[in-house]
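S.K.: Protein chains in written order, with the working numbering: chain V, 1 to 549; chain A, 1001 to 1412.
These are computed hints drawn from the structure, not numbers from a lab. Heads up, the beta-carbon is just placed ideally off N, CA and C, and yes, glycines get one too. Accuracy of the hints is not assured; some may be wrong.
[Claimed, not checked] Here are the simulated lysine to any residue pairs, SDA-like style, with alpha carbons at most 20 angstroms apart:
no., chain 1, residue 1, chain 2, residue 2
1, V, LYS59, A, VAL1174
2, A, LYS1044, V, ARG175
3, V, LYS121, V, ARG313
4, A, LYS1171, V, GLN264
5, A, LYS1044, V, LEU173
6, A, LYS1044, V, THR172
7, V, LYS59, A, PRO1173
8, A, LYS1171, V, ARG313
9, A, LYS1044, V, ARG170
[Said to hold, decoys possible] Sample of chain V residues lacking proximity to chain A, with all beta carbon distances greater than 10 angstroms (derived):
no., residue
10, VAL181
11, HIS212
12, LEU215
13, ALA226
14, PHE234
15, HIS254
16, ARG267
17, LYS279
18, ASP337
19, ASN514
[Claimed, not checked] Partner residues are not named here, just some residues of chain V that face chain A (Cβ under 7 angstroms, in silico):
no., residue
20, ILE218
21, LEU237
22, ASN238
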Amino acid sequence: MLNKQPATSYQQLRQIAELLLILVILLIAGFAHGVAMFDNPFYLGDEGTYMSEAWAVVKEGRFDPYTYTYGHAPLGWVQIALWTLLVGGFHTFGTAIETGRAFMLIYQLGSTFLLYGIARKISNSTIVATITCLLFAFSPYAIYIHRRVLLDNSVTFWILLSILILLSNRLTLNRVWLSAVALGIGILSKENAIFLLPVLAYMVFYRTDPSHRWLATIGWVTIVSAMVSYYVMFAALNGELFPYGTPLGGSRPHVSMLDSLLWQAGREKDGGLFDTHSKFWHTVGIWWQAEPILIIGGSTAALLSILLIKKYRLVGLMGIATLSLWLFLMRGSLVLDFYIAPELPFMALNMALVLGVVATTCQELWQKHHGSWRLFWGVLFRGMQVTMLGLCCAGMLLEYTSPALGLQQDPSLLWKPARAVATQKAALQWIQTHIAQCNSMVIDPSMWTDLHEIAGSNGYQLSHSYWQVALDPAIQRGVFQNNWRNIDYIVATPGLLFDTNFYHLPLVTQALQNASPIVSFKSGATQIDIFQVHKGVLKPGLGCSTLDP
Amino acid sequence: MLQEKVGIVQAGVQLMNFRTHWYAIHNCIEYFFWFKSRLHFHAKVGMIPLGGNTVFFRRDLLERVGGWDEACLTEDADIGLRLSVLNEPIRVVYDVQHVTREETPPNVGSFIRQRTRWQQGFLQVLAKGTWLAMPRFSQKLLAFYTLSYPLLQAALTLLWIPALLTVLWMKLPVWVAMVSFLPLYSLFFQFIATVVGAYMFTREYGLRFPILLPLEMALSFLPYQWLIGISSVRVLYRTLLHVQNWEKTEHVGAHRISEREATPLTTPSYVALPKATTNTPSSALKALVEESTNALKAIAKESAAILKDSPMEDTLEMRILSSDIFLLDSINNADETPTLLRPAIHSATPRSTVPARPHINPETPIPPCIVEELNCPTVKLSDDIAARTHKLQDPVLANRESRAQQQGGKER
């Protein structure tokens, strides 16, 4: 009894210390992510698209303000929609994208916390868990991606939650089902999470008690599959599962989930892993320059983890999880830079876990040997711990001078407002103050929600994203009657100009050819021009035109 | 009971003859999940509808609640609830070697009658309102859910026809249609769990899992649900007409065949009663009673010896009303308390607390097992007796232990 009391106090003290450590890590992660998150990096078109889809959920009770094409499962922006309901609207933190970015901070803090839990459970070491979190939270490329309103950040959170639940000390069936629901939400937030299904299913089998492991594993897979099938059923009930013109798709023209799936799979098809000129290798080139520590170190550690799988099963499984996500990127189709987001926590985890295994091995040898060998292994063990921390810090310093993100001149650039964002905001403000709301405009998706959600009015109802103006029949023909003269203004962002030229977007190209800039916003490499279309019979000033038949 | 200081122990009961009828596998798996999983949850919450056999009570608890309710169709569930009101901890034990093995009802009619009785009994218990006296809200909630389930089941069954008509004739908004699919999803999940349960069941009992069984189960799953549904609708009908008679389930000993085929349990755990000398039902019963009385007396003597050393010697109540031991039922039915149980167990309990079961038809036909050695009824001994008398190894246990050893070796 006498011996027990101090031990309990010691344990309590350790728990409090660990809690404080977690709080400090979250605080650091919060600062690293949060400082200047609204003003850096620049607003991406995809961010605007997800915000507009969240707007459609809240305001119109559907998944897209335009025709929902099943490009992505909708739960990612449904969560954003819930967030806006929770905080009281799309402009609580400024622009719509800023409100979305505030939500990304919540995801980031959540993911960091979950990552700590995962690393701690697998390694049983606070140092390994701390290093994992610091690698994850301080990676400049991770900060760059995680701040953006992306589905990839949502899916990262749900994947990590699913894994942490599976690592519960007492893995009851309820927890297994909960883990399946978490992964199901992840897949319905972004489909690439489905690549983790096999490795996590094995993890369920491995972690559950032998008496009910079959029930747990098959039940887990069933729940995940059922959730995914619910999405397929949604398409089927809408009569949009099969392409039209097929026996099951009918003859009425409509979008179809299978079409979208095939389109996504074959989008900018190339040889993937086996083609050195593929988009995969091209993007890897960007990644490894921007994030050498996690991309090279993490991937190497993932391979090493698999070699350790026999003795360190969970370490190995995390390595397989990393490679599973790589498989998605290697598939030989379009790879965008932010697709790496769900990989980043795993690569941080792999690195820290492998370093942890090396340190543990040294510790075991230290405990096993006596005399001078004991001293040797002891020094090596402590040395490993110091080296791990040192590598972590050195790697970070190296990355903060990387030219890929423009950090070579100013390592603190990520925590300062980007001039591009100021330009984007200035253009938006000019439109809101100088162009009447009844005008028709071709805009960049990044400003869609801010132009449609305006307090006290219906907003710019005739402003449409350039993709839809060019490609969505409901807008191209339904609104603009396939006539460039029905467009009043074009907000020419770098994204709009690039895509219009690269993909030869009809209608937008024609409108641009018949328009001239009336105002220009420029800072550094970013320039936004607002074009007025010469319609032949121009009305004086900035008035609204009548749509041509 | 002694080690954990609990006053009530519900041990496992398991239907075994999963290949004898088309519905048998579903019935067996229902028992498997009920006793292996669900009752544990009930015990944890503190609200448990006890089973009809293999339940052990401390005598004072029975006295406090005033024994069983003779008028109730599920007097076992009812006493469970009344004991739950006392907030008395209840231990549920499911051990493959020690479960009471039973058989499914022999035909569909019998199955429906059995289910009707149980579900009607649950509604009786619900109407009695005992559950409202439970101290915690969680207990009340679980009690209400469990006891009122027959009503939900009946409603769901009656919904099948309008649901099918809706599918054919109504055009609903997509979100309504999606919500309406949720019950189908849960039904599908239930089916998957049942198939996995069948695999686990066969594996645990050392039985062969036929490769086509999942297909058979897929075909019979919905019809089985409908059988339960018909029972629940029948409950409504009987309740409205105030029909409350006991419809006794017949037994043919089918589980004995399947269990012997699968896991030939060694004699130490079971003592076969002697074969009857005549094929005439009445004389067969007489002979059986006479000869088995002698056999059971010996068992009782041994039980008394064990219980004598126990600190709970005179407070232990063992209730054996199992269909497993039809002989005891028959004796009970004739209002002849088996004397063989008196010295050790039964005499400790006032007669009133263990009511006779007047609802059993005294002319219950003698099951065929009394004339076939293979199907002869057996009486299960307690662990202690079995352990003292024989040390032979049970193949089921051995199989399980070797599996546990193999799995224990792996890194967790």
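S.K.: None of the hints should be skipped; say for each whether it holds.
M.R.: Hint-by-hint comparison with the structure:
1. V/LYS59 - A/VAL1174: Between V/LYS59 and A/VAL1174 the Cα gap is close to 18 angstroms, so the pair holds against 20 angstroms.
2. A/LYS1044 - V/ARG175: At roughly 17 angstroms apart (the allowed maximum being 20 angstroms), V/ARG175 and A/LYS1044 satisfy the hint.
3. V/LYS121 - V/ARG313: holds, 13 angstroms
4. A/LYS1171 - V/GLN264: violated, 32 angstroms
5. A/LYS1044 - V/LEU173: The given pair, whose Cα atoms are some 15 angstroms apart, holds under the 20 angstroms limit.
6. A/LYS1044 - V/THR172: Satisfied, since the Cα-Cα distance of roughly 14 angstroms is no more than 20 angstroms.
7. V/LYS59 - A/PRO1173: Given that 20 angstroms is the threshold and the Cα spacing comes to 18 angstroms, the pair holds.
8. A/LYS1171 - V/ARG313: violated, 52 angstroms
9. A/LYS1044 - V/ARG170: With Cα atoms ~16 angstroms apart, A/LYS1044 and V/ARG170 stay inside 20 angstroms; holds.
10. VAL181: holds, 12 angstroms
11. HIS212: violated, 7 angstroms
12. LEU215: The claim breaks: V/LEU215 does not keep its Cβ more than 10 angstroms from every Cβ of chain A (closest is about 5 angstroms).
13. ALA226: Non-interface label on V/ALA226 violated, nearest chain A Cβ at 5 angstroms vs cutoff 10 angstroms.
14. PHE234: violated, 6 angstroms
15. HIS254: holds, 14 angstroms
16. ARG267: holds, 27 angstroms
17. LYS279: Given that every Cβ of chain A is farther than 10 angstroms from that of V/LYS279, nearest at about 36 angstroms, it holds.
18. ASP337: Given a closest Cβ separation of 35 angstroms, the condition holds.
19. ASN514: holds, 41 angstroms
20. ILE218: holds, 5 angstroms
21. LEU237: Cβ of V/LEU237 sits 5 angstroms from chain A, so the hint holds.
22. ASN238: Holds - the Cβ of V/ASN238 comes within 7 angstroms of chain A, reaching about 6 angstroms at its closest.
Hints 4, 8, 11, 12, 13, 14, counting from the list given before, are not met by this structure.
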